[in-house]
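Q: In the order they appear, the protein sequences are chains A and B.
Take 415 as the starting number for the first sequence in our numbering and just add one per residue.
Take 79 as the starting number for the second sequence in our numbering and just add one per residue.
Careful, some of the hints might be misleading.
To be verified - Some but not every residue of chain B turned toward chain A, in silico, with C-beta under 8 Å:
id	residue
1	121
2	138
3	143
4	147
5	162
6	230
7	233
8	270
9	271
10	276
11	280
12	292
13	293
14	295
15	296
Stated by the list, open to error - Derived coverage of chain A by chain B (criterion: at least 3 residues anywhere in the stretch with Cβ under 8 Å from a Cβ of chain B; other residues may be distant):
id	segment
16	447–459
17	568–577
18	603–616
19	627–640
Claimed, not checked - If you anchor each label on the Cβ, the simulated ranges turn out as follows:
id	chain 1	residue 1	chain 2	residue 2	range
20	A	543	B	151	26 to 36 Å
21	A	523	B	143	21 to 31 Å
22	A	522	B	145	19 to 29 Å
These are calculated hints, taken from the structure and not from any lab test.
Think of the CB as a built atom: it goes at the ideal place given N, C-alpha and C, for glycine as much as any other residue.
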Amino acid sequence: MKLQLQRWLLAVAALALLVVLGKAPSYGGLAIQQRSQQTVYILVNVTGIAHQAVPKTSSGSDAIAARFALRAKGSAASVDSTALSGTTDLVAQAQHAVRVEAEVTPNPNATLLVTNQTNVTLNGTAGTTITQSCAYTVTSNAVSISSWTIKQGLASDFDSAWPGHDLANNSYLNGATPKPTATPFVVYPSAWTIMATNGHQQTYCVDLTLTIPATVPTGAYSTTAVYTIWY
Amino acid sequence: MRAWIGSLAIAVLIALAVWSPAAASNSTSSVTLKWYGQAVVKFSLTPNYASGYGTVKAVFGTQPAPAPGPDACLAGCAIDFGGVMGGIDYLYKYAAHLNIQTNDVSGVNVYGEGAADFTNTGDGSTQVLNQTLYYLPSVASGDTNTGFSPSLPFYQTTGTVSGNSFGTAPTITYATYPSPMAQTSSAATADLYYDYQLKVPGAATGGQYYVWIVYTVVAK
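Only chain A is shown next, with the shape it has when bound in the complex (with noise of 0.2 Å):
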């Protein structure tokens, strides 16, 4: 009988020390979990490089052909009016209009993390590399919690040809001195990385680089940096 109570008393122990070890860290006495979410849309436009030339050959001879046309004398304006192409009264258009509509109410939780830009533009040339500092700012409003993560990412590529990872951000205390080098944003499904751990009210800078491949066509492009604030 006392055996048996040992066991149990140890089986008990174990199950604890289990819960204990397995426990997620708290804030509180709450599990640390995500409390809000903020997204910067970030549109990319890009010029491309024209074709190179092809190359005039050295050889053969450099022929030059000419095509004349005779017409009746008199005709000219009646037969050939080119003019008509130039007029604007002719342009063929159709038009229609959809309604685009929604019920907005205000999200207790949407000041929690907040961001000064919901939209960056970014223009550029297709092989060079591109930074604008400060884009946008990411602020913690978690004026009363201590200790909180803000995680980021992007959630997609630009395009299926050009990965996301060609956009780095440097992200430091708004008014310190930014870091040594950008880090390239992890792209969705990639486990988002940590921006920055620190407490209570805190404003970032993020400055952004982006490479653009020499081989992304002229075109607009984009994708979206996602921030997610935990405690």
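Chain A is already provided as a structure; the job is to place chain B on it using the hints.
A: Below, chain B without anything else, positioned relative to chain A:
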């Protein structure tokens, strides 16, 4: 006299050769006839074009079921996101289908712009359209987009808007066209499918918002 007659005959022959409209050296000639016909452009705009249309909150992983607002209906009505919350991103699946027909061999340019910013019908406040409403390519069925898929913004038009109100579809008159959102390069029929994204600003006041998106298709 004979010589004079002979000289006159030669002169007449030379004159005919010089002045005749048929003076071309070829015994036959062709006539190129050109004319410029007016291109024809037609298109239909179908909101909520496939079953499964509607609003999906932007999340990673398993996607929630689409849930449109009450003013949306299959193959018509409005693109109604329904109830949304400030600071949250949303996707609207199967939002708009454009079926374009033209006889212009060069194809068409497609423009899509807002008649105004995203406007609160209650307090009149507005949210900048190109920071609120976005579009992205979709498909006829089997849409796999999410609220985080890459997209491009709708802009408020700089054209002249007529008749814009919640219940009245506006028209836009262009002095200069903006950059096209899409284009075709032949006279073939084209189908364009779009989803929309709504990124609700965290500072947006509560209430009913709307904007008319005006599509214009122009022959090249």
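Q: All the hints need checking, so say for each whether the structure fits it.
A: Structure-based check of all given hints:
1. 121: 5 Å, holds
2. 138: Interface hint status for residue 138 of chain B: holds (6 Å vs cutoff 8 Å).
3. 143: Where the cut-off is 8 Å and the nearest Cβ of chain A is about 18 Å from residue 143 of chain B, the hint is violated.
4. 147: Holds, about 7 Å.
5. 162: 5 Å, holds
6. 230: With Cβ-Cβ at 5 Å, under 8 Å, it holds.
7. 233: With a closest approach of 11 Å, the residue 233 of chain B hint is violated.
8. 270: 13 Å, violated
9. 271: Since chain A brings no Cβ nearer than about 14 Å to residue 271 of chain B, farther than 8 Å, the hint is violated.
10. 276: Since chain A brings a Cβ to about 6 Å from residue 276 of chain B, closer than 8 Å, the hint holds.
11. 280: 4 Å, holds
12. 292: 4 Å, holds
13. 293: Status holds, d = 6 Å.
14. 295: Status holds, d = 5 Å.
15. 296: 4 Å, holds
16. 447–459: holds (count 4)
17. 568–577: holds (count 5)
18. 603–616: violated (count 1)
19. 627–640: With 6 residues closer than 8 Å to chain B, the segment 627–640 of chain A meets the three-residue bar; holds.
20. A:543 to B:151: 26 to 36 Å: Distance hint for residue 543 of chain A, residue 151 of chain B is violated at roughly 49 Å.
21. A:523 to B:143: 21 to 31 Å: 24 Å, holds
22. A:522 to B:145: 19 to 29 Å: The hint (19 to 29 Å, Cβ to Cβ) holds, given that residue 522 of chain A and residue 145 of chain B are roughly 22 Å apart.
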